[in-house]
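Student: Going down the list, the protein sequences come from chains D and U.
Quick note on numbering: the working numbering labels position 2 of the first sequence as 2, and the sequence is numbered without any gaps.
Quick note on numbering: the working numbering labels position 172 of the second sequence as 172, and the sequence is numbered without any gaps.
Simulated from the structure, these hints should not be mistaken for laboratory data.
Remember, it's a predicted structure, so these values are computed and weren't measured experimentally.
No residue lacks a Cβ here, since even glycine has one placed at the ideal position from N, Cα and C.
One should not assume that every hint holds.
Claimed, not checked - What the simulated footprint calls covered on chain U by chain D, stretch by stretch (three residues with Cβ under 8 angstroms from a Cβ of chain D suffice, anywhere in the stretch; the number is not a length):
1. 112-121
2. 183-190
3. 223-236
Said to hold, decoys possible - With a cut-off of at most 30 angstroms between alpha-carbon atoms, the simulated DSSO-like pairs for lysine-lysine come out as follows:
4. D:LYS139 - U:LYS9
5. D:LYS163 - U:LYS219
6. U:LYS187 - D:LYS139
7. U:LYS187 - D:LYS141
8. D:LYS141 - U:LYS139
Said to hold, decoys possible - With the Cβ distance kept under 8 angstroms, some of the chain U side facing chain D (calculated, not the full set):
9. ARG60
10. GLU86
11. THR89
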Amino acid sequence: MSIIQVQELKYRYPDTERLALDNVSFEIEQGEFIGIVGRNKSGKSTLCYALAGLAPHFFGGGYGGKVVVNGLEIRASEIEEITSDVGLVFENPFSQMTGSKFTVFEEIAFGLENKGIDRTEMVQRIEESLFLLDIEEIKNKNPFSLSGGQMQRVAIASVIAMKPNVLILDEPTSQLDPQGSEDVFRVVENLAKEGITIVMAEHKIEKVAQYSDRVLLLDDGKLVDINTPEHIFSRDDLETHGILAPAATRIAQALDIRDPLTGLYPVTLAGIQRQRGEI
Amino acid sequence: MGAMTLYVKQRSPVHSMDPLTKILYVIVSIAVTYILRELWAIAAMTAVTFLLLVIGKVFRKIIPVLGLSLLLIVSIIVVQGFFNPENETVLFELGFLTFYEEGMRAAALFTLRILNMIGSFGVLILTTKPDDLVESLIKRGFSPRFGYILLSVLQLIPQMSATMGKITDAQRSRGMETDGNLWVRTKAFFPLIVPVVLNSLNETRERAIALEVRGFSSKGKRTFLNVTEDYPYRHVIRGVLLAVLIGAIVWRVWT
């Protein structure tokens with residue numbers, strides 16, 4: 001059974017007429033890495049909030065359809081139950097720091113303290129998260145003294161320590177430099193290998209193409225398609241949905257390099273080299 | 001940018017005292033100086049407070065705060081020395097200024113009370129880590145939400161002032177005058193304050209979401225990362241403090 005099931009989801013923010021999500025349906029399997037792409041205001045963040053239960057529990061508003069995450073029906077569940085299963089990381093690393101903790105170690109402990117995790121297990125989980133995110137050397141630093149990339153890794157570590165089955169990331173690299181972005185994608189890919197289901201809304205198409213198992217394309221609150229990166233980025237109508245295919249795909253299109261079996265264009269440089277028999 | 005905290009990291013017997021005992025000390029020492037009217041007793045209490053500051057190796061940190069209260073103390077001495085209604089006995093004269101014994105006594109009383117109040121809060125704040133203080137209150141049933149507010153302002157206010165600096169620079173780079181006379185500053189206020197407030201509102205909303213997904217609203221029992229070892233002398237010290245408080249009340253009633 002799929003870990004995430006979304007059936008005919010409709011959502012409207014309070015005091016608005018427009019549907020931010022309009023009849024969206026899809027399923028995600030455990031351990032998959034799903035990239036969500038779409039132009040601004042296409043509903044990417046709202047979909048992230050809906051999967052994390054913040055829509056409707058935190059924002060209120062109009063809600064229709066059904067979202068089930070790891071057997072929990074989001075609408076019928078308490079936010080407390082949902083947060084035990086679903087972690088959310090978002091764009092601005094600064095505003096994800098609680099502000100009430102004075103070291104990275106304590107910052108990661110915040111969620112575990114709230115959940116009443118036993119201290120011995122708490123320390124063990126924090127150590128694991130620090131190791132997984134490769135931030136052990138900054139564990140005694142003040143979170144606000146860190147760079148954006150380090151702070152974002154602390155934000156992810158704080159969520160990971162709570163051992164969610166599903167990790168949702170809403171444009172986590174938009175404020176990071178290229179190296180910081182690459183680090184975050186690598187870390188998240190490793191988490192997917194550990195069996196955590198990843199759903200990441202992201203504008204960095206090259207990275208989405210490189211790391212995602214499947215890509216979910218949204219436009220104006222509607223699901224356009226959910227498929228492999230090669231399928232999504234080979235679509236003829238991609239630009240009408242506000243998305244520019246990765247550079248590798250555009251080069252492959254210009255040189256007509258495609259998979260002879262599927263007819264799809266590669267989405268990475270390695271994909272082009274594979275088609276040319278170079279690797 | 002660091003946190004806005006006055007805590008001084010040191011190793012001292014006062015630092016190792018538990019926060020609740022120190023809070024009790026603040027309450028008792030202030031209460032005693034207001035319950036009693038005997039100058040010697042108030043002076044003794046103030047001396048104990050300053051002795052604790054010395055033992056806690058934070059005496060030098062309290063001096064600037066005392067300096068700030070100097071104006072208040074001087075004005076008390078002048079007002080009480082000249083105008084206390086009970087002024088009768090002339091203590092000394094400085095040219096045309098006459099200081100009376102009754103007034104100077106009252107001024108000394110008020111001055112010692114102020115010094116003791118500042119000093120005892122200094123004992124608590126300068127020698128206690130803010131998170132230890134708030135955690136010990138939460139463990140005693142204090143609201144975690146209120147505790148969060150107390151702790152977060154220590155770090156978020158410096159962050160907000162950093163944001164204000166960035167926005168000021170951004171507006172200056174677009175030609176806005178932010179320095180100069182009062183009129184220039186007033187004109188610059190709104191273009192600066194609007195982005196600061198909007199930015200803060202946005203960050204507050206995002207921070208609320210971040211707290212929510214990390215279980216801040218959990219109704220279950222919380223645990224704590226920091227282990228606070230029970231301070232061995234807490235019962236003795238708290239007992240002495242309560243005895244002093246009761247003794248002061250009894251003394252006041254009897255005399």
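Student: Give a verdict on every hint.
Tutor: Do the hints match the structure? See the list:
1. 112-121: As far as the region 112-121 of chain U goes, the hint is violated, because 0 residues have Cβ atoms under 8 angstroms from chain D.
2. 183-190: With 0 residues in contact (Cβ-Cβ under 8 angstroms with chain D), the coverage given for the region 183-190 of chain U is violated.
3. 223-236: Coverage by chain D holds for the region 223-236 of chain U (5 residues, Cβ < 8 angstroms).
4. D:LYS139 - U:LYS9: 19 angstroms, holds
5. D:LYS163 - U:LYS219: Holds: LYS163 of chain D and LYS219 of chain U sit about 19 angstroms apart, inside 30 angstroms.
6. U:LYS187 - D:LYS139: 44 angstroms, violated
7. U:LYS187 - D:LYS141: 40 angstroms, violated
8. D:LYS141 - U:LYS139: 26 angstroms, holds
9. ARG60: 23 angstroms, violated
10. GLU86: 51 angstroms, violated
11. THR89: 55 angstroms, violated
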